[in-house]
Amino acid sequence: MKQSRRLIILAFGLMLCGSQAYADTTVREQQVLLPIEIDSHVEKVEALIVRPVKEGKFPIALIINGSAPASPSDVHAYWLAHIAHDFAHRGWLAASIVWPGYGHSTGVFRGEAGNCAEPNVAQFLDVHGKELGATLATLRERPDVDPSLALGVGISIGGASMLDLAAQPDRPLAAVINISGGVYYHKHVGTPESNCSLFQADLVRNFTKFGKDNPTPTLWIYAENDPLFRPDLVERMVTGYRSQGGDADFVLLPPFGSNGHTLYQRDANPLLKPHIEDFLRHHRFPAMDDTALTPLFSKLVPEDREGAEAYLKSVTEKAMAMSKESSSIFYSYGARSIKTARHQALSHCRSATGKACRIVAENMELINGWKNIVNSSNK
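Just so we're on the same page, my numbering is the position in the sequence shown counted from 1, plus 900.
The set of hints was computed from the structure by calculation and includes no laboratory data. Check each hint, because a few of them may be wrong.
List of simulated lysine-lysine pairs, DSS-like, C-alpha gap at most 27 Å [what the hints assert, rightly or not]: (1) Lys1239 x Lys1271; (2) Lys1112 x Lys1199; (3) Lys1224 x Lys1213; (4) Lys1087 x Lys1112; (5) Lys1255 x Lys954; (6) Lys954 x Lys1173; (7) Lys957 x Lys1087; (8) Lys1109 x Lys957; (9) Lys1173 x Lys1224; (10) Lys954 x Lys1213; (11) Lys1030 x Lys944; (12) Lys1030 x Lys954; (13) Lys1109 x Lys1030.
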């Protein structure tokens, strides 16, 4: 590949850009403390709400983190902003929340699950499933929400707790996306205790119970090198869930980085997104629509099409820039605003080419004048 045909991918930064007819932002953020009622008392949970700018009532995508690796007070709802933005761009009102006792949430995190000799996984999951249910009830009262459709997206203990919520008799969730979900016993966070087979067996029993006569569609995504929930344990969890009638699509991804339990990171999105999109479309839920980008991608030279495919799988907010004098593409992804993504893409295009650059795409839309840029660069 020629040196001039470089793909530069950077996520953050700012630089002033020249005049151009940019697309308006299509989603907006709101940071709130949601009041939730649990056992006759009220707590407030930190939440980042991301929803489409247009008027309307939107289905809910409730997103929850895993446990804190260090201090719970350091965990905040914006940690999963990239997931929330992606769901907002799909047409959902996405609410990334943190557990009571985490971040700015009031209350205390309830971590009791027994131990290796006397496990009590049900106690842990029922508490957190109840907290998620209370949060969902609050969200359903919003005037911009369609209360008839709610999806749960959970990471680690969040994924396991979403399965608990989905198993409740009133079936409050239309579907669950369980990413690296489970519970493990530890004395040091991130390191499961060895010889803890009774605890793992109790985890499998609970997942089996969640599947009993449960028609809720679920997508389970794990990585081969997850040190907390290894493939053999995950296989037991999935098999148990399905054995009682549970609907589970299971995806075992290849190793991700040095720790497969970190699939919540932005850079894991190229692995997750195809499976999430297939799951959403199969069940006729709002999904990402990338078709508007097809005319641009069809005009790219072969050397840049691989980079364009990577752009498709990257998280929002994202933007792509090009120069008339170069056929290389430059893009930024994972920003909190389209303005930041736009500025970063332009900055690196200018630095790499030494020429004036223009934005040709933002998120899933083409920018006016893109054809002139691409046609000139291909001459």
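**Item:** Enumerated hints in conflict with the structure, sorted upward
**Value:** 2, 4, 5, 7, 8, 9 and 12
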